[in-house]
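*Asks:* Sequence:
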Amino acid sequence: MIFIQLILAHLLGDFILQPNSWVADKENRKLKSSYLYFHVLIHTILSFIFLWDLKLWWVAVLVGISHFIIDACKLTFQNNQNKKNWFFIDQALHVAMIGGISLYFSEFNFEFLKDQGFLKILVAALFLTSPASIFIKLLLSSWTRVTGEENSVQSDSLSSAGKYIGILERLLVFTFIVVNHWEGVGFMIAAKSVFRFSDLAQAKQRKLTEYVLIGTLLSFGIAVLAGILIK
Numbered sequence: 001m002i003f004i005q006l007i008l009a010h011l012l013g014d015f016i017l018q019p020n021s022w023v024a025d026k027e028n029r030k031l032k033s034s035y036l037y038f039h040v041l042i043h044t045i046l047s048f049i050f051l052w053d054l055k056l057w058w059v060a061v062l063v064g065i066s067h068f069i070i071d072a073c074k075l076t077f078q079n080n081q082n083k084k085n086w087f088f089i090d091q092a093l094h095v096a097m098i099g100g101i102s103l104y105f106s107e108f109n110f111e112f113l114k115d116q117g118f119l120k121i122l123v124a125a126l127f128l129t130s131p132a133s134i135f136i137k138l139l140l141s142s143w144t145r146v147t148g149e150e151n152s153v154q155s156d157s158l159s160s161a162g163k164y165i166g167i168l169e170r171l172l173v174f175t176f177i178v179v180n181h182w183e184g185v186g187f188m189i190a191a192k193s194v195f196r197f198s199d200l201a202q203a204k205q206r207k208l209t210e211y212v213l214i215g216t217l218l219s220f221g222i223a224v225l226a227g228i229l230i231k
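Residues 1 to 231 (my numbering) are what the sequence shown spells out, left to right.
Careful, some of the hints might be misleading.
[What the hints assert, rightly or not] Derived DSS-like pairs (lysine-lysine); straight-line CA-CA distance at most 27 Å:
#, residue 1, residue 2
1, Lys163, Lys84
2, Lys231, Lys120
3, Lys83, Lys30
4, Lys137, Lys207
5, Lys74, Lys84
6, Lys163, Lys137
7, Lys163, Lys120
8, Lys32, Lys83
9, Lys84, Lys30
No lab work stands behind these hints: they were computed from the structure.
Given the sequences, and given the hints that come with them, work out the whole structure.
*Replies:* Listed below in structure tokens is the structure:
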């Protein structure tokens, strides 16, 4: 339970009990900000409260010290250009530290890596990300110039949005099939059709409509096939 307890303390300390004014002050004043030390103290106290064991006082202190070191590095090297990257690095390091403490108490083992069912699902899920995107792009490459898809609808869209939408929809469809909720697949197709309708209506091109339809059916079809194979 130590992992869950420390994660709960982390979520409360880093997100719920840290006002935006504290974050702004830390970013402006760096290590000179008093709120940095209040923030670390709150994490230490929360960790001690949730552990609720005097024998584990050193765990709470270790969490506080590691939190200060990680946050100090983040504030030192963070700027407006890499702010988003440092947020994820910061959170990953905090979770890794908590995971290391839990591993010390033998809460984790790696027996799941020997589970064939888990490995099959993992392989299928990984395939449905970038590998599937590349397959679909290659299959549609002969029609890209004809439809002008990359230069018309995509010109006003977010960078790489189509790729990530495809990855998310395939993973969701795969998940629905694995947990035996096929109605979710129908919902995904309906939702995709509604959101794409305005683009296609604006383009007023039959070729573009067919291009998008083929791409969508390929994406869903690959996800459905992967889910059936795993089942």
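*Asks:* Now tell me, hint by hint, if it's right for this structure.
*Replies:* Against the structure, the hints:
1. Lys163 <-> Lys84: holds (20 Å)
2. Lys231 <-> Lys120: holds (10 Å)
3. Lys83 <-> Lys30: holds (14 Å)
4. Lys137 <-> Lys207: Roughly 17 Å between the alpha carbons, so the hint for Lys137 and Lys207 holds.
5. Lys74 <-> Lys84: holds (11 Å)
6. Lys163 <-> Lys137: holds (10 Å)
7. Lys163 <-> Lys120: Holds, at roughly 24 Å.
8. Lys32 <-> Lys83: holds (19 Å)
9. Lys84 <-> Lys30: Roughly 17 Å separates the two Cα atoms, so the pair holds.
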